[in-house]
Amino acid sequence: MTTFDLLSDGISSFGAMIFVGLFLISFCFSVHLIVTWNPYHRPVIPLVCSILICIIPATLLTMEQDSSTSIEEMLEVFFLLTSLGAGMVLLWLPIILLFVTIMMFSLTKRKPSPDPLIEMIEN
Amino acid sequence: MVFWVNQALLSFTLLIAAFSMWRMGPAFKRSRFAGPVALIGISGLIFLPEQPLYFENDYHRCELVSFCNDDGRESYLNVVKWSIISIFSSILACFTIIKGSSIYSKRNPILLASGWIVLVFSWWTISQSPWFLEAYTRIDVIFWMVAFLLGVLASLYLFFNIIRFTEKLTPKDPPITPLDEKERRLVTEMIRRNLRGGV
Chain A
2 MTTFDLLSDG
12 ISSFGAMIFV
22 GLFLISFCFS
32 VHLIVTWNPY
42 HRPVIPLVCS
52 ILICIIPATL
62 LTMEQDSSTS
72 IEEMLEVFFL
82 LTSLGAGMVL
92 LWLPIILLFV
102 TIMMFSLTKR
112 KPSPDPLIEM
122 IEN
Chain B
-5 MVFWVNQALL
5 SFTLLIAAFS
15 MWRMGPAFKR
25 SRFAGPVALI
35 GISGLIFLPE
45 QPLYFENDYH
55 RCELVSFCND
65 DGRESYLNVV
75 KWSIISIFSS
85 ILACFTIIKG
95 SSIYSKRNPI
105 LLASGWIVLV
115 FSWWTISQSP
125 WFLEAYTRID
135 VIFWMVAFLL
145 GVLASLYLFF
155 NIIRFTEKLT
165 PKDPPITPLD
175 EKERRLVTEM
185 IRRNLRGGV
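As they're listed, the protein sequences go chains A and B.
So the first sequence is numbered by the numbering used here: it starts at 2 and just counts up by one.
So the second sequence is numbered by the numbering used here: it starts at -5 and just counts up by one.
Certain hints may be false.
Unchecked claim - A few chain B residues that face chain A, going by a derived Cβ cut-off under 7 Å, partial list only:
id	residue
1	Met15
2	Ser84
3	Ala129
In case anyone wonders, no lab produced these hints; they're calculated from the structure.
Predicted model only: the values in this text are computed from it and were never measured.
Note that CB positions come from ideal geometry on N, CA and C, so glycine has one too.
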């Protein structure tokens, strides 16, 4: 089985990884705001901020080599950053699953309460 | 020809969109589209187009980009497939165990046992993924995982403040005038009837 090198293209420093986390959440947030668009939520300011957080650094990254940018290059940078972010989320998966397994274990051992309402009040 | 990187990015975006549609209101009917959109997203991630051939436009572009080669595509597909199997099996296992436990209904040992089998299977899929072992034995990758988490927390803090700022800009409603005598009697009567079971 081949391995996927998450840390390609020189994006491997501590600060860059903080930025990848910032980028991934901003990307997800902007998609979320667009998909669940509702004027009563007043989404314009958060949406503009999240799009700016995504686009400005991506544009700067594409302009780094030849001071020019294109949609193709932007999409490639977006792909690289989202893949790195998703890869980092995946690396946390075993730790998350460990907590979930402990919770499932306590659920399995749990005995049915004779009075759920009293138990809820006591807890 | 669709460049596989663009398709992967679009499919990932569709998956996020599907998750948002599934969980969020206020137009609850939107959630009907979540399943099909998620299916399109997953299919797009799994069935990536082949690498461009030498006479196609994207071929030269692909020579310049380091992740756009046969190894990069194969590795990406491998990670996506194993991750989908691990995530889906763990979600299925959790649902089955919760359903089989005594939280909402009577305890069902068969459901519980099958849930645990699926959970063990998801742990097995994780153990079969070499990148986890490789990552957890490298201190630099552990640091990057922590840095990524800090980035996520920083962005959540940032968006929390942005949303709070937006809410502060929202014009406040004028204070409501107190109930007059007629309204007060009406409300009292409604509460009295409800407490007495509609008598």
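Quick rundown of the hints versus the structure:
1. Met15: holds, 6 Å
2. Ser84: With a minimum Cβ separation of about 6 Å from chain A (threshold 7 Å), the hint on B:Ser84 holds.
3. Ala129: This interface hint holds because 5 Å falls under the 7 Å limit.
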